[in-house]
Amino acid sequence: MDPRRLGPGARGGPRARIELALHTALTAPSPGNCQPWRWFAGGEVIELYRDPARTSAGADPDGQATALACGAGLGALRVALRALGLAEQTALLPGGHPDLLARVAVGGRASPLPEEQWLYQAAPKRRTFRAVMAHGPLSRALSKRLGAMVDGTGAELHVVEDMARKQAIGAAVEAAIAGEPPVRAAARAAAGEAGVSFEGPDGAEARGPAIADGAPAFVVVTTAADEPAEWLRAGQALMRVLLRARVDHAWGSFLHLPLTEAAGRKQLASLVGATGHAQALARLGGAADSPPTPRRPLSEVLLTQRPS
1 MDPRRLGPGA RGGPRARIEL ALHTALTAPS PGNCQPWRWF AGGEVIELYR
51 DPARTSAGAD PDGQATALAC GAGLGALRVA LRALGLAEQT ALLPGGHPDL
101 LARVAVGGRA SPLPEEQWLY QAAPKRRTFR AVMAHGPLSR ALSKRLGAMV
151 DGTGAELHVV EDMARKQAIG AAVEAAIAGE PPVRAAARAA AGEAGVSFEG
201 PDGAEARGPA IADGAPAFVV VTTAADEPAE WLRAGQALMR VLLRARVDHA
251 WGSFLHLPLT EAAGRKQLAS LVGATGHAQA LARLGGAADS PPTPRRPLSE
301 VLLTQRPS
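According to the numbering used here, the residues represented by the sequence shown are 1 to 308, in order.
These are computed hints drawn from the structure, not numbers from a lab.
Simulated DEER-style distance windows between Cβ atoms:
| id | residue 1 | residue 2 | range |
| --- | --- | --- | --- |
| 1 | Ala-87 | Lys-125 | 24 to 32 angstroms |
| 2 | Gly-208 | Gly-286 | 18 to 26 angstroms |
| 3 | His-97 | Gly-43 | 14 to 22 angstroms |
| 4 | Gly-273 | Gly-179 | 22 to 30 angstroms |
Even for Gly, the Cβ is constructed at its ideal location relative to N, Cα and C.
Could you build the full structure based on these sequences and the hints that come with them?
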């Protein structure tokens with residue numbers, strides 16, 4: 001079913017709109033495209049579960065990357081519900097099952113703003129862009145719009161275009177690659193995760209100075225605390241930022257390796273002048289279109305009953 005098919009004025013009932021919103025949730029990015037989520041929909045309640053079969057303790061030792069990806073899916077779901085005219089209330093980590101990350105209660109009508117419709121329409125067009133991006137700064141207007149996307153999420157956004165700070169971030173990425181324990185590097189490679197998810201001018205994985213040079217801008221999502229609920233909030237904020245960027249014809253790609261451990265998250269936050277913890281790092285810039293990455297169908301991730 002096409003996630004762009006229905007709007008708030010369409011005739012589809014709540015169940016059809018919830019299904020569309022779930023399809024939209026599947027467009028979220030994840031490390032190595034692992035898609036570590038499962039969903040349950042019963043009546044007007046939607047639950048998000050971590051999928052242990054699609055996570056790697058070796059590559060993601062404290063589960064932060066998994067929670068971030070699941071949070072991005074939750075963010076896409078909530079954007080879609082509102083764009084489809086459905087109000088919702090979301091509880092993070094409601095308890096009852098160790099893999100239950102969020103419960104969304106759908107009820108009542110929402111009156112989406114035009115921008116919320118744009119975010120929803122951008123979801124199936126969003127890609128992780130791995131090739132060389134066009135050089136040049138983001139527009140001041142876009143930077144302001146991106147910052148507005150995290151309002152009320154519990155996260156903060158830092159847009160980095162200054163070359164000295166970009167080089168410091170690039171050096172942190174390079175140091176994380178060089179210092180990665182061999183066991184973790186092997187686990188990451190087995191999971192299909194790259195140290196740097198984009199290419200340098202030579203077509204190989206960007207390394208050294210090419211990391212900063214290949215990023216027209218870095219965006220860093222930070223939170224005050226470093227715990228699972230904050231990881232989920234950061235994922236939601238990240239997804240809103242990526243969708244808003246796509247509305248303005250900008251693309252993103254990710255550099256998660258420096259954030260694998262708590263110390264790295266603290267260090268990266270300090271590099272952008274934040275007092276909290278960095279939860280997501282991406283580059284943004286202009287580029288041509290690229291093909292979508294395959295996604296698991298909804299039938300594969302939608303549970304028929306709650307896990308016991």
